[in-house]
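Colleague: The chain contents come next:
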Amino acid sequence: MGILKNIADKYRHIFLAFLILLCMPAVIPVPTASTILIYGLYALGYNIALGYTGMLSFGHAAFFGLGAYGAGIAFRYFNASVWSSLLTGAALATFFSLIIGALCVRKRGVYFALLIAAFGQMFYFLALSPLKRITGGEDGLRGIPVLSVETPFHVNLADPISLYFFILVIVAISILVMHRFLQSPFGSLLQGIRENEKRLRACGYNTNFIKVFSFSVSGLFAGLAGALYTIFLGYVPLNSLYWLTSGTALLMTLLGGVGTFFGPLLGAGIFIYFEDTISAIVARWEIIVGGMFVFLILVFPEGVLGTIRKKMEQFGQTESKSVQERMLNWLKK
Amino acid sequence: MRQEVEEMKNRRLVLLAITFILGFVMVWTPVMAADTIKLGCLSPLTGPYAALGDSQKKNVELAVELYNKEGGVLGKKVEVLIRDSQMNPGVALRKAQELVFDQKVDYLVGTLSSSVVKVISEFSAKNKILYMGFPQTEATGKDINRYAFTGMVSPFMCAMAISKYAFQNHGKKWYALTADYVWGHNLLKSWIYSSQVSGGEFLGNTYAPLGASDFSAFMPKIIAANPDFIVFNNLGRDQNAALKQANEMGIIGKKKIFCSKTEITTMKEIYPLYDENVFGGVTFYWELQDKYPAAKKYVKAFWEKYNEPPLQDGEAGFFQVMALLDALKRAKTTDTEAVIKALEDGKYTFTKGEEYYQKCNHQRVTSQIILRGKGKRGEGWSMAEVVAEIPARDIMRNCDQAIKDLPLSTIQLPK
Amino acid sequence: MQVILGLALGAIFILLASGLSMIYGLMDVVNFAHGAFYMLGAYAIYTLNRFLGNFGLGVAFSVIIVALMGSVVELTLLRPLYKRNNPLYPLLLTFGLALAIPDIIKIIYGLVGKSIQYPESLMGSFLLGTLVIPKYRVFVIIFTFTILIALWLFLKKSDLGMILRASTRDKEMVDILGVSVPKVMTAGFTMGIALAALGGSIAAPMVAVEPDMGVNIIMQSFVVTVIGGLGSLGGAIIGGIIIGQVVSLTSLLAGAYADVAIYFAMATILLLRPRGLFGEIGRE
Chain G
1 MGILKNIADK YRHIFLAFLI LLCMPAVIPV PTASTILIYG LYALGYNIAL
51 GYTGMLSFGH AAFFGLGAYG AGIAFRYFNA SVWSSLLTGA ALATFFSLII
101 GALCVRKRGV YFALLIAAFG QMFYFLALSP LKRITGGEDG LRGIPVLSVE
151 TPFHVNLADP ISLYFFILVI VAISILVMHR FLQSPFGSLL QGIRENEKRL
201 RACGYNTNFI KVFSFSVSGL FAGLAGALYT IFLGYVPLNS LYWLTSGTAL
251 LMTLLGGVGT FFGPLLGAGI FIYFEDTISA IVARWEIIVG GMFVFLILVF
301 PEGVLGTIRK KMEQFGQTES KSVQERMLNW LKK
Chain U
1 MRQEVEEMKN RRLVLLAITF ILGFVMVWTP VMAADTIKLG CLSPLTGPYA
51 ALGDSQKKNV ELAVELYNKE GGVLGKKVEV LIRDSQMNPG VALRKAQELV
101 FDQKVDYLVG TLSSSVVKVI SEFSAKNKIL YMGFPQTEAT GKDINRYAFT
151 GMVSPFMCAM AISKYAFQNH GKKWYALTAD YVWGHNLLKS WIYSSQVSGG
201 EFLGNTYAPL GASDFSAFMP KIIAANPDFI VFNNLGRDQN AALKQANEMG
251 IIGKKKIFCS KTEITTMKEI YPLYDENVFG GVTFYWELQD KYPAAKKYVK
301 AFWEKYNEPP LQDGEAGFFQ VMALLDALKR AKTTDTEAVI KALEDGKYTF
351 TKGEEYYQKC NHQRVTSQII LRGKGKRGEG WSMAEVVAEI PARDIMRNCD
401 QAIKDLPLST IQLPK
Chain Z
1 MQVILGLALG AIFILLASGL SMIYGLMDVV NFAHGAFYML GAYAIYTLNR
51 FLGNFGLGVA FSVIIVALMG SVVELTLLRP LYKRNNPLYP LLLTFGLALA
101 IPDIIKIIYG LVGKSIQYPE SLMGSFLLGT LVIPKYRVFV IIFTFTILIA
151 LWLFLKKSDL GMILRASTRD KEMVDILGVS VPKVMTAGFT MGIALAALGG
201 SIAAPMVAVE PDMGVNIIMQ SFVVTVIGGL GSLGGAIIGG IIIGQVVSLT
251 SLLAGAYADV AIYFAMATIL LLRPRGLFGE IGRE
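Residue numbers (our numbering), protein chains in the order written: chain G, 1 to 333; chain U, 1 to 415; chain Z, 1 to 284.
In short, the hints are calculated from the structure, not lab data. Quick caveat, the model's predicted, so the values are computed rather than measured. Using N, Cα and C, we set each Cβ at its ideal position, and we do this for glycine too. The hints are all genuine.
With the Cβ distance kept under 8 Å, some of the chain Z side facing chain G (calculated, not the full set):
id, residue
1, Leu-81
2, Leu-93
3, Phe-95
4, Gly-96
5, Asp-259
6, Met-266
7, Leu-270
The following residues of chain U were derived to be distant from chain G, with all beta-carbon distances above 12 Å:
id, residue
8, Lys-173
9, Ser-198
10, Gly-378
Here are the computed distance ranges between Cβ atoms for each label pair:
id, chain 1, residue 1, chain 2, residue 2, range
11, U, Val-197, G, Leu-103, 47 to 57 Å
12, U, Asn-169, G, Ile-99, 50 to 60 Å
13, U, Lys-376, Z, Leu-57, 24 to 34 Å
14, G, Lys-311, Z, Thr-76, 24 to 34 Å
Full structure from sequences and hints, please.
Modeller: Printed below as a string of structure tokens:
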């Protein structure tokens with residue numbers, strides 16, 4: 001019933017989203033727009049684990065950072081091309097998310113979240129001190145040359161607009177891939193795990209395997225975002241591994257709407273935009289962010305997109321469960 | 001049901017309001033002001049060093065105001081766009097990009113912390129933007145770029161100044177507590193070199209992780225070594241905590257302590273522990289107004305506007321912006337190359353004596369002040385007395401040395 | 001000597017970890033704002049110390065005031081979230097608070113850190129041969145020990161303590177038996193916050209008092225709580241002691257690896273024995 005309609009809706013949404021993203025640099029400062037794309041991809045990847053599979057992670061910065069450093073190291077020490085570095089970063093992140101996911105998947109809820117957080121912290125401190133010679137420690141990884149793309153045609157990445165559209169292409173492809181992935185039967189399996197893992201297991205599915213796979217995909221996109229960030233900055237900040245970066249993914253996803261597809265992207269947009277504009281106006285913007293968090297949780301737990309969808313559903317008087325109800329079984333196992 | 005409808009209406013109103021605000025802000029933000037000279041300033045407005053960032057901001061705004069009062073520069077007003085660097089290289093870089101590519105600022109100024117400076121320096125070189133840096137930095141080898149100017153003494157100069165004073169007046173055997181990161185290491189290396197030159201005896205060093213709050217673990221080792229004096233290569237809250245705990249263990253009073261770089265804020269914060277047994281190095285101290293007419297003018301103007309004296313990190317900001325605007329005037333154009341030349345050729349008397357930039361690495365040639373705490377005698381902002389001012393020529397490296405990082409590259413850091 | 005210093009550090013960890021443990025055990029809430037309340041405790045003693053001049057009284061009042069703030073937070077912000085039956089929400093809310101509260105302090109007290117003197121009677125140190133032992137650290141250890149015993153007695157012997165323990169195990173049962181569960185949760189949360197505030201107040205003279213002091217300690221407190229076992233008081237104690245020693249000793253030896261080691265330990269425990277050393281099975 002609703003499924004066909006949903007798919008048609010989703011494609012409409014994708015086109016609308018792409019349209020908006022194309023116009024963004026005209027309305028918002030270009031570097032801000034690029035940042036939104038990158039963090040948006042990061043949050044979208046994060047949401048695969050959180051919103052769709054129901055796995056809360058407090059350490060996703062590890063994968064973002066691995067992607068960033070992977071690309072950075074490729075550029076700096078191996079003089080790699082843009083494409084190889086992107087690949088390196090994404091591959092590194094995927095590799096570790098696979099391993100960590102496999103290790104931790106048996107734990108639930110808060111324990112899982114804290115485990116991932118512990119790994120995230122380990123990576124951070126490793127990059128800070130023992131691996132300082134490679135990573136640059138708290139100075140970050142500098143010495144990345146001015147970048148440009150050569151194949152299939154030349155793109156000068158020093159120009160902010162070209163850079164933006166390069167990032168946009170990568171992000172757009174990622175969104176399409178993610179979308180197909182989540183709409184596929186496999187995607188439904190993920191949501192099944194979120195709803196009621198025991199039942200799915202009873203049906204004969206190896207839920208652990210599915211969860212690890214989902215987590216790796218999530219890590220892949222987070223890493224890709226990290227690699228893009230390195231290209232964007234021409235530098236790898238140590239911060240990309242810091243736990244606050246994990247929290248940022250969570251905040252953006254929550255802000256936009258955990259159970260929705262574009263929610264995290266929208267959340268990233270709102271958050272980055274506000275952070276950049278507000279901090280120019282108000283000195284104490286952290287209160288606003290913290291307050292926004294609190295406000296959201298109390299009043300709009302479904303986030304912007306989730307609330308809109310809820311309204312539309314209430315209007316259309318469809319019988320579908322509200323996003324809120326759907327998250328009931330989360331951590332109660 | 002009715003309640004739900006009510007809730008729904010309320011939520012819709014809120015959503016609408018949010019959209020309006022967003023739209024409003026979005027339209028309002030692109031700044032117009034076409035015909036001005038734009039300075040992009042990056043400072044940590046939030047985070048643990050926000051107080052210093054605030055000092056930078058105040059100083060930059062004062063400098064700009066002083067020029068605008070006289071009609072601006074090249075017939076245009078000077079405008080400052082300040083962004084919060086959060087003392088975070090990644091964030092600072094993003095904001096720098098926004099300032100340069102979007103706001104189209106003419107020049108970049110600012111930042112605190114050596115990490116951020118290095119990154120912004122690299123950015124400025126890549127994009128050929130003139131950058132007046134505020135913090136201490138040790139640019140060597142390929143880090144040196146002609147688009148960046150340094151506004152504070154280098155760590156080498158900083159350590160040389162206070163170590164010379166210490167070895168001359170307070171003994172030869174020394175033990176150090178060093179913050180475990182690049183800046184701390186540079187200070188330590190400089191001290192070791194200075195010790196070799198002055199006949200000092202290096203007894204040992206302990207590293208403390210940056211941001212450590214408990215230094216009591218290190219004190220026993222320091223006491224056991226029995227030095228003539230102790231060297232602190234740390235800053236800010238690390239220094240606060242270390243001094244407090246040194247006092248706790250009865251060290252202050254038995255031994256003298258030399259803080260390579262120190263802050264008046266530290267003295268205020270741990271009052272009255274920062275007493276006659278504690279010495280610190282600064283680039284500027286407001287009570288210099290008794291010695292220099294330029295200082296008097298500067299401190300007076302600052303105090304009138306802000307009701308407090310300028311701090312050294314802020315003073316670097318003041319100097320750098322004043323120098324930049326002065327160079328603009330002399331270059332008679334905003335063209336970057338011309339301004340760089342003008343900066344290199346200029347002589348500046350803004351806050352102390354006459355100063356200039358070393359041509360090869362754009363290092364500000366300035367003196368370092370040695371302060372001695374006043375302890376209980378301090379009141380208000382008068383927390384220390386000036387016991388020495390070490391002139392630049394006694395502590396600077398010549399161009400050849402600076403580029404090759406001699407003699408520091410020959411010094412081995414202890415484990 | 002190192003051991004004693006490590007113990008003093010551990011004592012603070014213990015106070016924080018017990019509070020965290022209690023709140024989690026009782027309410028399934030991971031309180032990210034715990035560090036912020038620790039910080040509030042420190043600022044409270046700073047303010048009160050000027051007015052009252054008496055350190056002991058200052059600590060007492062600091063704890064009461066901040067604990068009350070904790071109650072208010074629980075009543076107004078956390079309680080509406082319980083009916084959503086998802087521990088994610090309160091957790092995220094505390095995360096937001098952890099961001100907002102330090103900023104409020106920055107507005108009120110300014111950006112520059114503050115400093116407190118040791119109380120007169122506790123200044124200086126003991127001399128044991130060549131060892132110099134600061135009096136205040138000894139005080140911290142003894143005082144925390146006393147508090148822990150008091151806490152243990154309270155939990156084991158008093159009625160309210162029993163109710164708290166029972167609620168940790170089975171809230172529904174307690175509810176059926178006629179006890180008001182919301183009130184219990186408020187009480188438990190308040191107690192946990194009180195412990196954090198206590199930690200902050202007595203740590204204040206030792207460390208730098210500043211708005212972000214909670215940020216670092218929260219992560220380490222989590223490690224302690226996890227290792228000891230979420231929900232277990234005894235575990236928090238053992239965990240605090242261990243981590244206190246680890247931090248104290250490794251900072252002397254191999255600073256770089258210290259932090260990695262701590263989180264490695266945390267990960268290992270979570271993987272192999274998620275309930276920690278003393279936690280209860282079934283919390284996974």
